[in-house]
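Peer 1: Please build the complete structure, drawing on both the sequences and the hints.
Chains as they are written, first to last, in my numbering: chain A, 1 to 109; chain B, 1 to 112.
Calculated from the structure, these hints are not laboratory results.
You may find that some hints are simply not true.
[Unchecked claim] Keeping only pairs whose Cα atoms sit at most 25 Å apart, straight-line, the calculated BS3-like set for lysine-lysine is: (1) B:K44 with A:K96; (2) A:K106 with B:K44; (3) A:K96 with B:K38; (4) A:K70 with B:K44.
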Amino acid sequence: TQLLEQSPQFLSIQEGENLTVYCNSSSVFSSLQWYRQEPGEGPVLLVTVVTGGEVKKLKRLTFQFGDARKDSSLHITAAQPGDTGLYLCAGTGTYKYIFGTGTRLKVLA
Amino acid sequence: DAMVIQNPRYQVTQFGKPVTLSCSQTLNHNVMYWYQQKSSQAPKLLFHYYDKDFNNEADTPDNFQSRRPNTSFCFLDIRSPGLGDAAMYLCATSRDHAHEQFFGPGTRLTVL
Chain A
1 TQLLEQSPQF LSIQEGENLT VYCNSSSVFS SLQWYRQEPG EGPVLLVTVV TGGEVKKLKR
61 LTFQFGDARK DSSLHITAAQ PGDTGLYLCA GTGTYKYIFG TGTRLKVLA
Chain B
1 DAMVIQNPRY QVTQFGKPVT LSCSQTLNHN VMYWYQQKSS QAPKLLFHYY DKDFNNEADT
61 PDNFQSRRPN TSFCFLDIRS PGLGDAAMYL CATSRDHAHE QFFGPGTRLT VL
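Peer 2: Quick look at the structure:
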């Protein structure tokens with residue numbers, strides 16, 4: 001069974017701080033996505049990474065796909081209250097689309 | 001803008017009263033998915049359609065059914081909602097199984 005474990009599960013930080021969220025698996029994924037979900041809304045796709053070692057930037061967010069395509073990280077620089085939400089990684093596994101366990105981020109003003 | 005639309009955004013039903021949730025897409029994607037999501041957990045896949053081919057997850061209760069009359073529309077029918085079925089229901093689409101999914105805003109279902 002393919003699993004995507006995210007850490008930390010919960011994170012509460014002050015505005016302006018940096019943070020990193022991890023998404024780990026023992027399985028190889030052909031691609032991996034990161035989503036942000038705000039309360040009462042559906043997940044919004046932030047990025048797709050495909051190539052091992054790939055780094056993508058989206059304003060203050062930096063996404064990295066592990067060299068072996070088994071893990072990924074999301075780094076947020078100078079977090080803002082608008083970054084608050086549930087962050088989900090997801091990947092195309094062998095048989096189905098797998099969601100990570102989720103990281104709930106709260107950024108305090 | 002191409003998008004995934006869900007109606008209604010909020011649905012209240014009574015215990016045991018059938019309810020239908022709808023999803024439409026303008027992306028012309030082949031695959032449409034229905035997920036159930038409870039209290040900040042990851043979405044749980046109920047079933048999906050690849051074109052007209054229906055694929056049910058092994059642990060999806062028989063109480064949940066789906067219809068896809070055409071490429072653009074997909075419906076989730078809950079035949080006899082129980083209190084445990086109260087959740088956010090998310091519709092998503094993808095070009096095919098190997099591509100990322102795009103989600104609608106969800107329907108929050110309340111069962112009284």
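Peer 1: Now, for every hint given, state plainly whether the structure supports it.
Peer 2: Here's how the hints hold up against the structure:
Simply put, B:K44 and A:K96 have alpha-carbon atoms about 12 Å apart, close enough for the 25 Å limit, and the pair holds. Restraint check for A:K106 and B:K44: satisfied, since their Cα atoms lie roughly 23 Å apart, inside the 25 Å limit. Taken as a hint, the A:K96 and B:K38 pair is honoured in the structure, with Cα atoms around 20 Å apart against an allowance of 25 Å. Distance hint between A:K70 and B:K44 is fulfilled; the C-alpha atoms sit about 21 Å from each other, no more than 25 Å.
In this structure, none of the earlier numbered hints is contradicted; all agree with it.
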